[in-house]
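**Student:** Could you build the full structure based on these sequences and the hints that come with them?
Protein chains in written order, with the working numbering: chain R, 10 to 511; chain E, 83 to 424; chain W, 83 to 424; chain G, 9 to 291.
Every clue listed holds true.
Where chain G lies over chain W, by a calculated footprint (3+ residues, C-beta under 8 Å): (1) 135-143; (2) 383-397.
Derived CB-CB ranges, DEER-like: (3) M348/E - H61/G: 28 to 38 Å; (4) H61/G - V270/E: 22 to 32 Å; (5) F198/R - A115/E: 58 to 68 Å; (6) Y415/W - D132/G: 39 to 49 Å; (7) P160/R - V270/E: 54 to 64 Å; (8) G238/R - Y291/W: 40 to 50 Å; (9) R287/E - G395/R: 18 to 28 Å; (10) G218/G - A269/W: 20 to 30 Å; (11) A226/E - L122/W: 26 to 36 Å; (12) Y415/W - E303/E: 13 to 23 Å; (13) L126/G - A226/E: 55 to 65 Å.
Bear in mind the hints are in silico, worked out from the structure with no lab data behind them.
No residue lacks a Cβ here, since even glycine has one placed at the ideal position from N, Cα and C.
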Amino acid sequence: MGAAADPVGPELLEVSGVSKSFSGVAALEDVTLRLRHGTVHALLGENGAGKSTLMRIVAGVCTPDAGELRLEGRALRLGSPGQALAAGIAMIHQELNLLPAMSVAENIWIRREPLNALGLVRHRELRRRTRALLERLGVDLDPQAELGTLPLAARQMVEIARALSYDSRVLIMDEPTSALGERDAERLFAVIRDLRARGVGIFYVTHRIDELFALADEISVLRDGRHVGTSCPRDLTRRDIIHMMVGRELSSPPAATPVQAAPVALSAHGLSLEGWFCDVSFELHAGEVLGVAGLVGSGRSKLAETLFGIARPTAGEIRIGGAAVRIDSPPAAISRGIGFVTEDRRETGCLPGLSVLENLEISALARDFVRLGFVHAGAARRACAGMASALRIKAPDLRERIETLSGGNQQKVLLGRWLLLNPQILLLDEPTRGVDVGAKAEIHQLIARLVSAGTAVLMISSEMPEILALSHRVMVMHEGRVAGILDRDLATPARIMDLAAR
Amino acid sequence: MHHSVAERPAPSAAPARLRRLPPEAGIALVLIALALAFELLGWIFVHQSFLANAQRLVVMILQVSVIGVIAVGVTQVIITGGIDLSSGSVVALTAMVAASLAQSSEAVSAVYPALTDLPVVIPVAAGLAVGAAAGLVNGSLIAATGIPPFIATLGVMASARGLARWYTRGQPVSMLTDPYAAIGSGAVPVAIFLATALVFHVALRYTRYGKFTYAIGANREAARVAGIRVGRHLIVVYSIAGLLSGLAGVLTSARAVSGQAGMRLMYELDAIAAAVIGGASLSGGVGRMTGTVIGTLILGVVTSGFTFLRIDAYYQEIVKGAIIVAAVVADQYRRRRRLTAT
Amino acid sequence: MHHSVAERPAPSAAPARLRRLPPEAGIALVLIALALAFELLGWIFVHQSFLANAQRLVVMILQVSVIGVIAVGVTQVIITGGIDLSSGSVVALTAMVAASLAQSSEAVSAVYPALTDLPVVIPVAAGLAVGAAAGLVNGSLIAATGIPPFIATLGVMASARGLARWYTRGQPVSMLTDPYAAIGSGAVPVAIFLATALVFHVALRYTRYGKFTYAIGANREAARVAGIRVGRHLIVVYSIAGLLSGLAGVLTSARAVSGQAGMRLMYELDAIAAAVIGGASLSGGVGRMTGTVIGTLILGVVTSGFTFLRIDAYYQEIVKGAIIVAAVVADQYRRRRRLTAT
Amino acid sequence: GVSMALFDDNFLTAVRASMKDRAQQLGVQIQFEDAENDIGRQLNEIQNFIAQHVDAIIVNPVDTDATPRMTRLVASAGIALVYVNRMPADRELPPRVSFVGSDEKQSGTLQMTEVCRLLGGKGDIVVLMGELTNQSARQRTRDIDDVIARPACRGIRVVDRQAANWKRTAAADLVTNWLSGGLRPAAVVANDDEMAIGAIQALRQAQLLGSTMVAGIDATPDALAEMKAGALRVTVFQNAPAQGRGALDTAVKLVRHEPVPSFVWVPFELVTRDNLASYLGRH
Ligand SMILES: Nc1ncnc2c1ncn2[C@@H]1O[C@H](COP(=O)(O)OP(=O)(O)OP(=O)(O)O)[C@@H](O)[C@H]1O
Ligand SMILES: Nc1ncnc2c1ncn2[C@@H]1O[C@H](COP(=O)(O)OP(=O)(O)OP(=O)(O)O)[C@@H](O)[C@H]1O
Ligand SMILES: [Mg+2]
Ligand SMILES: [Mg+2]
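**Tutor:** Below is the structure:
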């Protein structure tokens, strides 16, 4: 890491005394931070600690109630994102802010399209620039592809490319790797080191603590909207950081106990979905976690969708408890005791505008808390409140709208939605994406508890540690096929990687 | 400290209480302000009270009760993120059909000379059935083919209008029986409107039907994944909206004691306006029956107020447009202030 | 090896080529199919060719060219995720204003007796200015107050309608000068419609104006974050839509050689329908001028086709509704098949 | 209080204007409402007037079949009521209720009889209808059929009839569509002058004005100008000023409890080239 590890560069950006509250609840209180030239300043904190809010204020997306920003000593008056961009501050947003119906190139260069003398956009030049930029990131996407049709990881790369295209002095990255596989993340790190060498100051928000030691020059921690402290990663251990974030020790996840001779809860036999995956067979036992590893785009999510009746298989069959079943819609899956937490909580998870309570209870209403069509509101609220405290969902009130919750807390709400149904089989697609270490440990414990109570869990995850910590067996997928199923003791990172990439 | 909802006390009592004010409080204030403004202007310009006139108050609601009944259905459609342009035409069609079965034996050239003086339930049931059928067509088109509600209901709008004209070749249907006419006389339409609104207020807030309706409007894809049968539910919602248009058709023909194909062709816009003034969002997921009732009343107060002040019809519309906009702006402003103030 | 999102080859080359087919190919096929259907029915029932008739082809476009001009503006509004209900009323208002400045000195009771026989640019400029002003009001209301476009344009719709009537107290304005009438005669409206569509086709596809318009409709918050001044841009888009309604008003009054307050009140729905049939999505971000032109032509073909087949006026609307729905269903079906095929 | 069926109607606008003038002359306070062709709205307006205790209500009914209810409502409130232009369906009108207007049956009959005379009792004609739900449109169209059924006009055939909804441009488009289909009618008979003018525009464009005769109803200034120019052959004058004035005078008399006949007739008058001069400038 060389000189970059020395955190005393000249000061680039100063955030001082910033406060912000939403509906009377403080999200930030008197936060002061410094970002130096040519450094990576990591920002940590639990879900809802205020990291994104602070970054959005720096990027001019959101106006603070109090406090000021100084860029190279001069006070910044930021009224709009356009002004921040003009001042040299660009941001990669956590909740991707992209234009789904437009092309990759248009998304990246919006507002800076190359024009000819007549003021018309030069589409060829636009594509050329896009290709050049994506090459730098080591991504080979079609510049003309419609963004909305791309998988989440590709969209994340586009968001990164766009922020880079501004060639800004300050770059804010809010959980840029949460949707990326390791290879893409490595590429991104290389780009970050390159930018740092060129004097760019980078704010880096993440929940993957391991990344910090490879990348960060300084680490600041936010807790409940307050700045807890700033230090250098060399002086800290992983344990220290977690302690600073959550203010207590974490219990490590219980090691998965091997299941013996439990009945098969769910099995697939030669299951195929044309164009996505083919000939997938596996058995999932009650009380077992079957981890599904694989590269981004290996067809894992589509497999889960097929098991849940969102997509219909073109061949093969699904058996539950040994009997072949036809699952052609989510209600059919639910009635057979299957639950499904999808990977894209914005598109297929949250019901925005509705309260946390309504988001929690919605699936359960198909079965519980209803008599003659009327909802037993008291019972539903008690159950939801119980679930919320069991999952430690941080919300001022269950009647608060779900979109006001931090990403990690939204994730817990969606998990809670399915837990209320007590499913025998739970499909989890990236269950801890964007979830902080504390909450992640809690979710892991929860999964372990469910499993020991007999629930069968199919867990897709791109995070190797997560797969390794929880899975009894690991199914590795490669380009839509099962590359192998490994028992726990054989599942080493190297073997998994080997099967996934082949 | 890591704390969760259950452990954590509400941040502070005051803002929480403020936040719990129902969202339609703002538009209700606008309604009251409008009524008071007319009261004041009344004393200044026509030396009469606007509100202290029971007859006027009844007319005020009466004249919008048909729009109100439509709006009750349209609100539910809007909550799912859809729109129903067909209501006006469906009202006309059901009015024709219901009236044709409600003719008295005195009618000179009855549509069905053999079917006169029928008991009142028959034309009412026929009207409701035709309305529900039109709604069923809307819903099925949207659910089965995935075309935008705008197009599906636009198509049904044109077809229903054509059918309404074709039914008696444009001839009005008159000389209806007295029991049928009674449905539309006095304050009966007002009672029906308020009862309908109450029923669906309860349905939206306290039943699974209502919860699913909101969920679909909030995020259709997520609702589907959460296990809601979206298509089937949409069919139900549009059918209910159709049924209520049918009810509105019965009310109109009973009020006019005649069925006319040209009637109520533009009512869909008024009904949608009532819902949107009342806070429903055309992007779905948001809206309440109480808001819609208030939105409907605002339309009624404005209309009555203008006549009361003897404002020339030329100016009425110019001003009416401005008032609708101002009402929604005032409501928005209040809501935004509340958000930033707390 | 661990490889990334992007290294993965596109699933296969053929579907990629398929994906590049312009999205309006589907609806263009529907248009062709409709025209051929009328051709066939023509030979069977009236023993004539539907298409091999230059005059008919001109009327086919001529009769929808005013709707088409409005639809060009409305498409842009729809792409931003908005809606413009005021177009029809603005057409009526601008028609009145333009006509009142285009009267010949022969006019018996001219609106402005001192201002007759003016050069043709004056009424045209006045019409465009009034239209743009109405659009400016729409846009400013939406941008400054944040009220839904539905409400803002509904308010302007009512006010413009009132103004149009008030302007001459409902009296029609006639005896217009010959140069003014020339704007509406022959195929001039057709040329103006197609030229307008071309200009805005280029604007949407090849200018920043267009990119911003799509961006705002695709994701308003993302557009804001990317630094686009959303409010200002919306004002421009609505003003352009108003300007085009003004142009439509000039065309209508020139075609009718008279301005009438009651004219074209329902044209907003036709214009929106043309855009939506052409593939524009009311949820924003999607839509193209070529699609809108095709959507407009479909309306024209259906109207001409009915007259051609001498279909009874009572059945026309019933069938028209069904055709609009069928056209969009056919297009959707084709699109969905394409998607699953890849 | 006055409730008009529709403001956007040229003829009704003329009726309204003359009422207003007359009210000014007599010093009567008058308030107009537009029912926008909606019977429900019209009922509301009447009820609003009653709540306001006006002295007299003048109604231009949207739907003449719905008048019995209006009659009952207004009469029971003890307010004078005058129907104007469109004849109420009431079998008999109670005291203090009158109708001022013309017999709608006359207009189409006068128009078609003249067309039939000019055609010499034979030829193909097309009919431009007003809005299909409009009473005058239906009546006038039916009159055309009745006249054709007469022995003297047996040679006339209606080859097509379509609705142009009282709109000039819609009429022009329709006629052009017909012409492009090879139709060469001997006459275009329109339910009103606006549509007749549209037909004239289309025929002029196709240079077929010489061989096709156009007939309208209403004798609007534009129509009279076209007649002067030789394009329009037949129209029918409905005396809007007389109806408006008559309605107001009747209302005033009713308020003063003076005797008034239940039906005050204002006759239709046929206008052709021969008597054109006496109508020019009468509006
Ligand atoms: N638009 C908003 N309206 C109301 N409350 C909000 C809004 N945005 C954020 N908040 C609240 O502000 C607090 C901080 O949220 P923020 O998104 O900054 O957290 P974060 O640290 O980024 O969390 P995560 O790690 O989950 O992304 C949360 O309690 C959240 O509920
Ligand atoms: N770069 C890409 N461009 C276009 N489509 C892609 C790309 N990468 C993946 N896909 C699509 O994604 C499909 C598989 O996606 P799926 O979401 O099922 O995989 P996954 O293993 O769950 O990936 P992820 O880890 O992102 O969830 C592929 O069949 C392919 O069509
Ligand atoms: Mg965040
Ligand atoms: Mg996935």
